[in-house]
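Trainee: Given these sequences and hints, build the entire structure.
Here is what each chain is made of, one letter per residue.
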Amino acid sequence: MSSYQLNVNGTVHTVDVTGNTPLLWVLRDTLGLVGTKYGCGIGECGACTVHLDGVAMKSCGTAIKDLGSAKVTTIEGLARDGRLTALQQAWCTLDVSQCGYCQGGQIMCATALLAAKPKPTDADIDKAMSDNLCRCATYTRIRQAIHAAAGA
Amino acid sequence: MSAIPESPTPSASLDRRSFLKVSALAGGGLLIGTYFRWGGATALAEAVTATPVNFAPNVFISIAPDGAVSLIAPNSEMGQGAKTALPMILAEELDVSWDKVTISQADLNPAYGRQSAVGSGSTPGNYAPLRQAGATARAMLVAAAAETWSVPAGECTTANGTVIHAASTRRLPYGDLTARAAALPVPTSVTPKDPKDFKLLGTRVAGVDNEKIVTGQALYGIDQHQPGMVYAAFVKCPVFGGKVASVSLDDAKKFPGVKDAFVLDGIGGLTSGVAIIADSTWNAFYAASNLKVQWEEGEGVSQSSEDFAKQAQALATAAGGPTVPEGAKSLNATYHYPFLAHATLEPQNCTALFKDGLIEMWCPTQMPSSGQRLVTQGLGLPASKVVVHVTRLGGGFGRRGSNEFSLEAAAIAHRLEGTPVKLTWMREQDFQHDNYRSNGWHFFTGGVDGAGKVVALHDHFVKVQGQVGGMNGGGFPFNVMAGSRVESSQIPASIPTGYWRAPGDNGNVWAVQSFVDELAHAAGKDPLAFTLDLLAAVPAAPPPGAGGRGGGGRGGGFAASKMVAVLKLAAEKAGWGTPRPKGEGQGLAICNANGAYVAIIADVSVSPAGVLTIHKLTAAVDAGLIVNLSSAENQVQGSMLDGIGAAWFLKVTIDRGSVAQANFDDYALLGMANSPPVVDVHFVPSLAPPTGLGEPALPPAAPAVCNAIFAATGKRIRTLPFAGEDLKWS
Numbered sequence: 001m002s003s004y005q006l007n008v009n010g011t012v013h014t015v016d017v018t019g020n021t022p023l024l025w026v027l028r029d030t031l032g033l034v035g036t037k038y039g040c041g042i043g044e045c046g047a048c049t050v051h052l053d054g055v056a057m058k059s060c061g062t063a064i065k066d067l068g069s070a071k072v073t074t075i076e077g078l079a080r081d082g083r084l085t086a087l088q089q090a091w092c093t094l095d096v097s098q099c100g101y102c103q104g105g106q107i108m109c110a111t112a113l114l115a116a117k118p119k120p121t122d123a124d125i126d127k128a129m130s131d132n133l134c135r136c137a138t139y140t141r142i143r144q145a146i147h148a149a150a151g152a
Numbered sequence: 001m002s003a004i005p006e007s008p009t010p011s012a013s014l015d016r017r018s019f020l021k022v023s024a025l026a027g028g029g030l031l032i033g034t035y036f037r038w039g040g041a042t043a044l045a046e047a048v049t050a051t052p053v054n055f056a057p058n059v060f061i062s063i064a065p066d067g068a069v070s071l072i073a074p075n076s077e078m079g080q081g082a083k084t085a086l087p088m089i090l091a092e093e094l095d096v097s098w099d100k101v102t103i104s105q106a107d108l109n110p111a112y113g114r115q116s117a118v119g120s121g122s123t124p125g126n127y128a129p130l131r132q133a134g135a136t137a138r139a140m141l142v143a144a145a146a147e148t149w150s151v152p153a154g155e156c157t158t159a160n161g162t163v164i165h166a167a168s169t170r171r172l173p174y175g176d177l178t179a180r181a182a183a184l185p186v187p188t189s190v191t192p193k194d195p196k197d198f199k200l201l202g203t204r205v206a207g208v209d210n211e212k213i214v215t216g217q218a219l220y221g222i223d224q225h226q227p228g229m230v231y232a233a234f235v236k237c238p239v240f241g242g243k244v245a246s247v248s249l250d251d252a253k254k255f256p257g258v259k260d261a262f263v264l265d266g267i268g269g270l271t272s273g274v275a276i277i278a279d280s281t282w283n284a285f286y287a288a289s290n291l292k293v294q295w296e297e298g299e300g301v302s303q304s305s306e307d308f309a310k311q312a313q314a315l316a317t318a319a320g321g322p323t324v325p326e327g328a329k330s331l332n333a334t335y336h337y338p339f340l341a342h343a344t345l346e347p348q349n350c351t352a353l354f355k356d357g358l359i360e361m362w363c364p365t366q367m368p369s370s371g372q373r374l375v376t377q378g379l380g381l382p383a384s385k386v387v388v389h390v391t392r393l394g395g396g397f398g399r400r401g402s403n404e405f406s407l408e409a410a411a412i413a414h415r416l417e418g419t420p421v422k423l424t425w426m427r428e429q430d431f432q433h434d435n436y437r438s439n440g441w442h443f444f445t446g447g448v449d450g451a452g453k454v455v456a457l458h459d460h461f462v463k464v465q466g467q468v469g470g471m472n473g474g475g476f477p478f479n480v481m482a483g484s485r486v487e488s489s490q491i492p493a494s495i496p497t498g499y500w501r502a503p504g505d506n507g508n509v510w511a512v513q514s515f516v517d518e519l520a521h522a523a524g525k526d527p528l529a530f531t532l533d534l535l536a537a538v539p540a541a542p543p544p545g546a547g548g549r550g551g552g553g554r555g556g557g558f559a560a561s562k563m564v565a566v567l568k569l570a571a572e573k574a575g576w577g578t579p580r581p582k583g584e585g586q587g588l589a590i591c592n593a594n595g596a597y598v599a600i601i602a603d604v605s606v607s608p609a610g611v612l613t614i615h616k617l618t619a620a621v622d623a624g625l626i627v628n629l630s631s632a633e634n635q636v637q638g639s640m641l642d643g644i645g646a647a648w649f650l651k652v653t654i655d656r657g658s659v660a661q662a663n664f665d666d667y668a669l670l671g672m673a674n675s676p677p678v679v680d681v682h683f684v685p686s687l688a689p690p691t692g693l694g695e696p697a698l699p700p701a702a703p704a705v706c707n708a709i710f711a712a713t714g715k716r717i718r719t720l721p722f723a724g725e726d727l728k729w730s
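If you read the sequences in order, they're chains A and B.
Going by the numbering used here, the first sequence opens with residue 1, and the numbers climb by one from there.
Going by the numbering used here, the second sequence opens with residue 1, and the numbers climb by one from there.
No wet-lab data here; the hints were simulated from the structure.
Heads up, a few of these hints could be off.
Here are some of the chain B residues that sit facing chain A, going by a computed Cβ distance under 10 Å [what the hints assert, rightly or not]: (1) GLU77; (2) GLY79; (3) GLU211; (4) GLN217; (5) ARG392; (6) PHE397; (7) SER631; (8) GLY671; (9) PRO677; (10) VAL678.
Distance condition first, Cα-Cα at most 27 Å in a straight line; then the derived DSS-like pairs of lysine-lysine [to be verified]: (11) B:LYS573 to B:LYS525; (12) B:LYS616 to A:LYS119; (13) B:LYS355 to B:LYS259; (14) B:LYS568 to B:LYS582; (15) B:LYS254 to A:LYS65; (16) A:LYS65 to B:LYS253; (17) B:LYS562 to B:LYS193; (18) B:LYS728 to A:LYS127; (19) B:LYS259 to A:LYS65; (20) B:LYS453 to B:LYS568; (21) B:LYS196 to B:LYS562; (22) A:LYS71 to B:LYS212; (23) B:LYS616 to A:LYS127; (24) B:LYS582 to B:LYS525; (25) A:LYS119 to A:LYS71; (26) B:LYS329 to B:LYS582; (27) A:LYS127 to A:LYS117.
Glycine included, each C-beta is placed from N, C-alpha and C at the ideal position.
Mentor: What follows is the structure in structure tokens.
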């Protein structure tokens, strides 16, 4: 057990955990930020996607001891002052979610995509979102929502 | 009265009178006349002490004096949209504005009636009772207003949570009527709205939890937290039927963060295993992954997918080949589909607390009552001592109809008396301890005469032992051909199989609809014209329940006219029959399941190198009245892609009595890149009661794609998954 400091959604936390604990479980079990989901634990499903310094990363593959000074943003940290981002709003308006379990990860990934490519093509979306699985297969609406937010 | 549980709620401090009324509902009727709001122990306690001016004529509806309307969603939400659709039915009949209602997820309580979310039954099973519940409340509010104004109730109407007396231009909001309405006798019968007057049902309504989902606030089973909670993993033998032989619990306790470890065995309904209790999920997982356990593997270890295939072939050979009339063209084809895992993205989990003789559980379950039953039987507790809170589910697909994870959590909690515990399965465990979609083989023989008429159709269906996934020979297309025959055989096995979205149909419709396409081509006919001809031959009024599995007929009689209508609609919308160059093709398939009629047309292309692209899916669906158009469309789109993704990429292989796949790296779900850019859904307008909709569009999607691949390449897919098939052409 060691002590680690991390900045999550603008707040600095100190946690006492074993060093190999993935960021995913620090967020969920230690900090209570359960919007980041466990799906596979091996970086295959994307449900645990967060931003490290703005870059989409799978939090199940990042051990807390390796996090360094990267600033973490989770799905809970996207909306500012209760205002949804354009992507979050599009997700709601187009009623994308079915079970919704993967959607936090999908939105984190799509947010990073739009930051890099404000007007993505279908091919850009296919490529950027290829690691984020949706077991309900809501891909049709995910694609629509990304385009809608990009046009907003 | 024998079916009534000892007590309908955990802390059941109901008086005798209320209990009798609740009991009446458990017997099948609608609960009317209790003034309790039900929402688990806490809500119950509040209700007992609240001032009785809230109007709550039944367990589903409560209206406060300030006009706030609270509605109950009785069934689990797993993505099928029940938490939105079911309260919509209440709101429609109650005549309140949707944006003014608050919705709560029900815990398990017999007062709510049918709470199982299986068999696409949440909406069709609750449609009539919820309409009655809403209409009863509206009638009482109207009566209260009429009494206030001393006018006949028949002169009053309602709109947006207000009673209106048009003749005198008077209006009273529902909130002003709660006290008076609550004092009125509950009418014994009310007439719900005429469906043609529905204003809310049939519109697009966004999911009630959407904003929570997109901000990470929606809480699933895996997100539950209780003060002082510990985290558990439960390690079971990878071989089905295996048990713990020996394990060093001292070693287990040496892993970081591990607080306790013990073997659970001999509990009815529970698979033997090692429980590890830790201070975090990760530490529990880490210990579970690295702990050395000696297993007593048992006889199940000799089973393998390879051996099942040999046994299936041997059974077919032993059964002998059926004869095709002389002079007819004979077709023989073997179709095979593999086991599948459910792979809900949220792994199985449950949080439980045993305290003061009572188990309290937070379960992501499709069938809370069966979870409760497992725990009462396994731990020898009465139902009144097993409280089930229903959480949101990160996917269901039939997986969470079985509740062994609940029993595991309850058994662990029972050992840790006083300490809440969250049990989470590692993904690897989730793959290896599922109730799998059964494998299956169809050994078809068909005969087509010189005029293109089918003169023989025989199917010998083989699967591993298990109740789910059978084949019924009485349905379409077997019911339209004299001399058609379906035989079924089962291979002795102990692989746990169970309900996987559209059970039976999910594999059998693929096989049968693919073989029908083979027959069409053998007959030299267009597959659409061929299927319409077959449908024209369906007896006008088949006996109820004469459904079949393989194209049509689960859930009551098969109305060929409805199937013809959806097939023609799909063909029109998809532009069926437009000539296409080699390498491009359309395929069609149909399915009748859960009362719904579905026709799907797939447009694909296959490059000369054999790369498949699905360009478009077109579905036409008759599912009766559509409750929530947005969710209904989402269900049909998602279930089509689910069926296609499974057929394209997925299989579970049994080796040494255990599952070879362990995670998504060897069970590659359909992703965005392979998902077609256009997925069109067309509903047939209908005012008939809604049918199921979460499942029926899944079975015909894969055969539509496979038939389209044949149209494009001349290559027939007879084994799933087809990702490895050589589709090259020149």
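Trainee: Now tell me, hint by hint, if it's right for this structure.
Mentor: How the hints compare with the structure:
{"no.": "1", "hint": "GLU77", "result": "8 Å, holds"}
{"no.": "2", "hint": "GLY79", "result": "3 Å, holds"}
{"no.": "3", "hint": "GLU211", "result": "6 Å, holds"}
{"no.": "4", "hint": "GLN217", "result": "7 Å, holds"}
{"no.": "5", "hint": "ARG392", "result": "7 Å, holds"}
{"no.": "6", "hint": "PHE397", "result": "8 Å, holds"}
{"no.": "7", "hint": "SER631", "result": "7 Å, holds"}
{"no.": "8", "hint": "GLY671", "result": "5 Å, holds"}
{"no.": "9", "hint": "PRO677", "result": "6 Å, holds"}
{"no.": "10", "hint": "VAL678", "result": "8 Å, holds"}
{"no.": "11", "hint": "B:LYS573 to B:LYS525", "result": "21 Å, holds"}
{"no.": "12", "hint": "B:LYS616 to A:LYS119", "result": "23 Å, holds"}
{"no.": "13", "hint": "B:LYS355 to B:LYS259", "result": "19 Å, holds"}
{"no.": "14", "hint": "B:LYS568 to B:LYS582", "result": "25 Å, holds"}
{"no.": "15", "hint": "B:LYS254 to A:LYS65", "result": "21 Å, holds"}
{"no.": "16", "hint": "A:LYS65 to B:LYS253", "result": "23 Å, holds"}
{"no.": "17", "hint": "B:LYS562 to B:LYS193", "result": "25 Å, holds"}
{"no.": "18", "hint": "B:LYS728 to A:LYS127", "result": "25 Å, holds"}
{"no.": "19", "hint": "B:LYS259 to A:LYS65", "result": "23 Å, holds"}
{"no.": "20", "hint": "B:LYS453 to B:LYS568", "result": "21 Å, holds"}
{"no.": "21", "hint": "B:LYS196 to B:LYS562", "result": "20 Å, holds"}
{"no.": "22", "hint": "A:LYS71 to B:LYS212", "result": "24 Å, holds"}
{"no.": "23", "hint": "B:LYS616 to A:LYS127", "result": "20 Å, holds"}
{"no.": "24", "hint": "B:LYS582 to B:LYS525", "result": "18 Å, holds"}
{"no.": "25", "hint": "A:LYS119 to A:LYS71", "result": "26 Å, holds"}
{"no.": "26", "hint": "B:LYS329 to B:LYS582", "result": "26 Å, holds"}
{"no.": "27", "hint": "A:LYS127 to A:LYS117", "result": "12 Å, holds"}
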